[in-house]
Amino acid sequence: MEPLIAIVIGAIYASAIYMMLRRSIVKLVIGLILISNAANLLIFTTAGLTRGSPPLIPMDGSALPEVVADPLPQALVLTAIVIAFGVLSFSVVLIRRATEIMQVDDMDQMKENAK
Amino acid sequence: MRPEVILPILIPLLSGALSLLFWRSRTVQRVLGVVGTGALMIAAFVLFFRVQQEGYVVLQLGGWQAPYGISLVADLLGAIMVVLTGIIGFAVALFSLPTMGPGHEKFGYYPLMHLLLAGVAGAFLTGDIFNLYVWFEVMLLASFALLILGGERAQMEGAIKYVTLNLVSSVIFLSAVGLLYGALGTLNMAHIAERVSMVENSTLVDVLAVMFMVSFGIKAAAFPLFFWLPASYHTPPVAVSALFAGLLTKVGVYALFRVFTLIFNDSAAFTHEILLWGAALTMLTGVLGAAAQYEFRRILSFHIVSQIGYMIMGLALYTPLALIGGVFYILHHIIVKTNLFLVSGLVYRLKGSYELKKLGGVYAAWPLLGLLFLIPALSLAGIPPLSGFFAKFVLIRASIESGEVVITIIALLVGLLTLYSMTKIWAEAFWKKAPDEEEGGVAKPAALDRRQLWLMVTPIVGLAACTVFIGLNGQLFYDIASAAAAQLLDPQAYINAVMGAQP
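Protein sequences, first through last, are from chains A and B.
Positions 29 to 143 (the working numbering) are the ones given, in order, by the first sequence.
Positions 157 to 659 (the working numbering) are the ones given, in order, by the second sequence.
These aren't lab readings, by the way, just hints derived from the structure by calculation.
Among the clues, some could well be false.
[Unchecked claim] Covered by chain A, according to a simulated footprint, are these stretches of chain B (three or more residues, beta-carbon under 8 Å):
no., region
1, 295 to 302
2, 317 to 331
3, 399 to 405
[To be verified] Selected chain A positions facing chain B (in silico; Cβ < 10 Å):
no., residue
4, Ile53
5, Asn68
6, Gly89
7, Pro93
8, Val115
Every residue gets a Cβ at the ideal spot worked out from N, C-alpha and C, and that includes glycine.
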């Protein structure tokens with residue numbers, strides 16, 4: 029399972045960077061969204077994928093079972109998703125405002141217009 | 157319980173929340189702006205003196221023993237940075253009163269300023285690497301909003317670069333934290349430092365080190381990814397520029413100092429060599445960029461980049477003396493750079509432009525303002541007996557002692573070119589005759605009333621006094637910096653302090 033997810037994450041990173049290198053500002057935002065999701069997936073995966081064993085002590089036991097999923101990365105991912113959501117919604121609004129003011133969707137032309 | 161560690165974070169958060177409650181009342185927000193930052197400055201000094209007595213002050217949040225909870229750790233470097241945050245916050249809050257228009261104040265300038273200060277103080281005090289990421293984001297979100305306050309054309313273009321580069325840097329940081337957790341299973345920085353030498357795969361550690369270096373390097377505006385800074389810092393209102401110039405990039409530098417002394421100190425030959433070349437190129441490109449500019453704040457922005465190079469050079473040489481120089485340089489730079497931005501704001505208010513070509517005659521009209529510019533400007537260039545001289549002297553001496561000829565020459569050359577830039581501003585804005593309106597000058601703005609003028613001059617005089625004080629008491633500040641550097645070079649003491657602290 030891990031190798032497959034690792035490849036998927038790599039592909040998302042690659043496509044995000046490709047999108048960010050385009051000149052269009054809308055594609056830049058899509059790239060940003062992709063790259064933050066790739067980072068979230070990466071954290072999720074680095075701690076190892078353990079299926080179907082939550083870190084809960086069973087009713088009739090006094091200790092955790094041998095193999096459980098690590099809950100910490102999931103907490104980290106939750107935090108990271110919330111932060112990324114806030115930052116990305118800000119950048120979407122920013123880019124909407126910017127294109128509204130400048131009337132272009134191209135980084136180079138934007139630089140010309142700003143002068 | 158050690159409440160003094162968390163107060164520098166809680167005070168701005170509380171003042172920010174209170175200012176939000178009084179959203180409609182500009183007067184209350186203005187009062188809260190001054191009172192809140194003043195309280196932050198006092199709390200920071202209390203923390204500093206406590207740290208000076210005890211070495212490390214640690215607070216385990218929620219009563220969880222490290223490494224299970226989040227630790228807040230104040231060592232000397234962190235405490236110095238928090239004190240500087242307080243001073244800069246207070247000075248900028250005072251300066252904001254007469255310069256921030258009602259348009260900016262109505263859209264939440266003061267709450268955002270408090271939030272930014274909380275994020276900066278949190279980043280300086282946290283002992284947990286994921287928590288550091290969170291404070292970075294708090295600081296960034298506040299800075300994004302501050303940067304586009306007013307929504308002018310130039311601000312938009314700068315903001316897009318700023319937001320993109322900083323987001324990318326955050327993502328790299330986050331990925332590095334994830335991989336680090338995968339390798340070591342812990343997020344507490346002291347615990348990471350303990351475990352990192354146990355990792356068998358040293359290539360993985362080096363890769364992680366470089367990821368942190370790139371991410372913090374972007375935030376610190378180091379070569380090659382520095383261009384977001386000169387593209388954006390000259391666009392917002394000047395109080396915001398001054399706040400950013402003093403504090404934001406220095407958080408990146410602080411993170412580099414923390415991570416590359418505490419965690420990644422094993423393969424210094426590899427990582428610190430990269431840092432050294434990065435520092436040299438940062439200095440050079442920054443100062444050369446400044447030489448080509450003719451806008452007051454753009455020149456100063458490029459100089460932030462070149463000065464960051466000096467600080468990283470202190471870290472990269474990695475000798476006790478060099479680290480002392482690095483800490484001293486940060487201390488001096490934050491005060492001087494903020495002051496220069498404030499002076500540029502005052503000149504703008506008096507003469508109506510930031511363009512050097514359109515300025516002139518400031519010295520003839522206000523000779524004392526000329527003096528106020530000269531103090532930080534000469535200090536930046538490193539003229540004795542001002543603070544910059546001692547900072548540069550220690551650094552260059554350290555680089556000669558470690559036999560790095562090239563970086564020594566570059567550092568000296570950059571100092572000379574800095575002086576050239578400052579002379580350029582002096583000659584164009586202060587000395588030459590002001591151009592008439594027909595010759596491309598601008599109309600003089602409305603005269604300032606006395607109260608406004610005093611509010612603008614007070615923080616500038618205060619910060620200039622700090623510069624002179626640091627210069628005249630070089631030994632005192634050298635001792636403080638050397639105590640901070642000694643702590644940085646002794647990671648074991650940091651680990652013991654954090655892991656041994658009772659909740």
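Next item on the list: Apply the coverage criterion to the region 295 to 302 of chain B and chain A: a residue qualifies when its Cβ sits closer than 8 Å to a Cβ of the chain, and three qualifying residues are needed.
Entry: holds (count 4)
Next item on the list: With a cut-off of 10 Å on the beta carbons, see whether Ile53 of chain A makes it to chain B.
Entry: This hint holds: Ile53 of chain A lies near chain B, its Cβ roughly 7 Å from the closest one there, short of 10 Å.
Checklist line | Hint check, Asn68 of chain A versus chain B [nearest Cβ-Cβ separation less than 10 Å] | finding: holds, 8 Å
Check: Does the interface hint hold: is Pro93 of chain A within less than 10 Å of chain B, judged Cβ to Cβ?
Finding: Not OK, violated: Pro93 of chain A not within 10 Å of chain B, min 19 Å.
Check: How about the region 399 to 405 of chain B: do at least three of its residues have a C-beta closer than 8 Å to a C-beta of chain A?
Finding: violated (count 0)
Item checked: Agreement of hint Val115 of chain A with chain B interface, Cβ distance less than 10 Å -> holds, 6 Å
Note to self: Taking 8 Å as the Cβ threshold, is the statement that the region 317 to 331 of chain B is covered by chain A upheld or broken by the three-residue rule?
What the structure shows: Holds, because 8 residues of the region 317 to 331 of chain B bring their Cβ atoms closer than 8 Å to Cβ atoms of chain A.
Checklist line | Proposed interface contact between Gly89 of chain A and chain B, which counts if any beta carbon pair is under 10 Å | finding: Gly89 of chain A check fails; min Cβ-Cβ to chain B is 22 Å, beyond 10 Å.
Of the numbered hints listed earlier, those contradicted by the structure are 3, 6, 7.
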